[in-house]
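Asker: The lines below spell out each chain.
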Amino acid sequence: MKPNDAGITWIEEKPLGLAERLYLPLFVQGLTTTSRHLVSKKNTVNFPEQRPTVGNPLIYRGVHRLNRDDDGRVKCVACFLCATACPAHCIDIVATESPWEDREKYPESFQIDELRCIFCGMCEEACPVDAIELTSLLDLTGKSREEMIFDKEKLLSVYDMTKDAEPMKSADLGGTL
Amino acid sequence: MPTVIVDGQEIEIGADERLNCIEAARRAGVEIPHYCWHPGLSVVASCRMCLIQAGSRNPETGEVAMIPKLVPGCQTPVKDGTVIVTNSEAVKESRARVEEALLIDHPIDCPICDKAGECLLQDYHFEHGQSERRADIQPFHSRRRDVGPTVTLFVDRCIMCTRCVRFTREVSGTAELMVSARGAKEEIDTFPGFPLDNKLAGNVVDLCPVGALGDKDFLYQQRVWFLKKSENVCGGCSAGCSLVTEHNQDTVYRLKPRENPHVNKWWICDEGRYGWHHLHDESRLVTPGRRAADGFDDVEWADLITRLRDDLKAAGRLAVAVSPQLTVEEAWMLCALARSIDPEAFLALGYVPTTGDDESFPGGFTIRGEKAPNRRGVEAVLGMFGTAETDGKVPGWTDLLAQVQAGKVQAAWITAGHPTPETSWCDEETAAQFDSLDCLVVQDLFDSPLAARATWRLPAAGFAERSGTWVNCGQHAQCFEQAIRPPAGVWPEGRLYWNMLGRQGLYDPHGVRQQIAEGSATLAALAGNLPATGVDLRLQQLAAT
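Residue numbers (numbering that gives the first Met the number 0), protein chains in the order written: chain H, 0 to 176; chain E, 0 to 544.
For reference, chain H alone in the conformation it holds in the complex (with noise of 0.2 Å):
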């Protein structure tokens, strides 16, 4: 489009009355929102020595652990579907026969980038044994890109330390198959 296209309308900017001339209401103006935010209640923390408050930790989406069963096992039976669901392609299982005599199939390796990671939570409805959840747990640093690519061991660390805080989120829903 151009300047002088006929669907453009050109407008003049009106011209400053008196009050805007002489700039003092709008200094009183300014000032006032200024002083208003000084007293009110203040929605940042001091990061990382204050901790933020997480909303509902049921729904927030920050590192994911791997949940485990009742004898302590990882819950995960290795289906591929949060794999197949993750549109940032940052899971990597491999799956094989489990030691246990009432399980058939297990992850062998299971892998999350978290650095690729977009945390949709997409694997988290996936998964149809509610193996793989986000928990509340946000600020997530490392060193190096290798530490961020959190192995089995690292997940299921994940969920013994978020445990208490974070239950299971359906713990009732579908058992390990």
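Derived from the structure by calculation, the hints contain no laboratory data.
Wrong hints could be hidden among the right ones.
Claimed, not checked - For each label pair, taking beta carbons as the anchor points, the in silico distance ranges come out as:
#1 H:Leu139 - E:Val285: 37 to 43 Å
#2 E:Glu99 - H:Phe46: 53 to 59 Å
#3 H:Pro47 - E:Ala301: 52 to 58 Å
Each residue gets a CB set at the ideal place from its N, CA and C atoms; glycine is no exception.
With the hints as your guide, set chain E onto chain H.
Answerer: For chain E alone, coordinates are given in the frame of chain H:
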């Protein structure tokens, strides 16, 4: 022409064709769901999934009389005036009931079932089943038992279609599988002490419409929806069975038979089925090398193109062994290349591994004793270069050895590519005969006593890594495309010959094939685009005479 009416649509079938309702409906584009029926096996009509309404139209009055009950489509032959109804309420209701009955006894462990994604029980339930479950049965753990060294059975996933039982009785002729017990308790089992251990055993896994029979080689390796499928041809023996190579990220996970009525019907042997592991063998040659004082120096392919030609030119009389593993296109380019280096080059068919006699099975399937896919194709190409003797025979590996022994040649280019990582195709004694040569080029998948003596040691490509045409023992030519890329650093033979011939751009097997078809009466049938099931070279040859 007989006319069959499928859901109101009239289709014509051949006068001599003997079709059942499933096949006739398929002609009309209507798919009748079925589990137990398979075109390669006898009809038992036990699964009841293909129940349809059938009747016949009176040719004179045009009046349609229907059979009052539903009939199994697989067992009902069609004739002129047969009326098939597959979309009525009665048929739909019957299908939903069959699905419901099957799922009452099923563990529904799709997340851990290897068949999920290509399971007929899933597909048919989605299409014909009902969304609600009336029985309150919790998912349970399927019992599992091994029925043979390569096949495992998930007992409770089975829907008792008995395709596998019929296969072992009718096609492999070994009859290891049976149905034990009756009614709701019936199970597939083997006879005590007689495991499912025959050379066609893997086919029962493909036949299984659900996840009951699992291939131990593939079990839990990959979910099927990640696999990409490429149409290939088996290089295991001279039968040249049509295959589907299923792979992901340049790794082959399994091979499946591809239906081809002219070659392998619906089957492949276990030797071919598991004959891809050498592609990912650690010991494969992956870098081209030239002999140095100690071992081989790595050479860039771009340098190799000129240096190899110079070396061969300098050495003198050249002998070339054209491996029966090469495609027709590659063989032709290699011959053309050899003649461009030395116009008098001695061209011979390479080593053809042979193990015993052909082995036939009652179902008509034959495993060939000649363990190379393209001897006929290479022979035809060698014929184009005027190497054929008066009796139509082309010189072979022993003739080439004789030439080398007699000191008639100073350089040799040996192509092989046989999938034998454990035992080499060439022993020390044979290899020692090449010691007298000035320049020996060996192009192979694995190191061998011969490759150890080479002046130039070049890596070769495996069967799924090349594209081209193979001609099987029945003169049936099949084209195939490259399925996976070879390991980093390996140029497939076609690419090397293409570049050494000084041709521009990417290797174009199709273009080379057209050139071959124009220049040879034997291979004239390769002109144009070949159908997926291939062409019979003899038909064209007969037409020419």
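Asker: Measuring from beta carbon to beta carbon, are H:Leu139 and E:Val285 in 37 to 43 Å?
Answerer: Hint holds: Cβ distance 39 Å, inside 37 to 43 Å.
Asker: When you take the CB atoms of H:Pro47 and E:Ala301, is the distance between them in 52 to 58 Å?
Answerer: The hinted range 52 to 58 Å holds for H:Pro47 and E:Ala301, with Cβ atoms some 55 Å apart.
Asker: Is 53 to 59 Å respected by the C-beta to C-beta distance linking E:Glu99 and H:Phe46?
Answerer: 56 Å Cβ-Cβ, so the 53 to 59 Å window holds.
In summary, the structure agrees with every hint in the numbered list given earlier.
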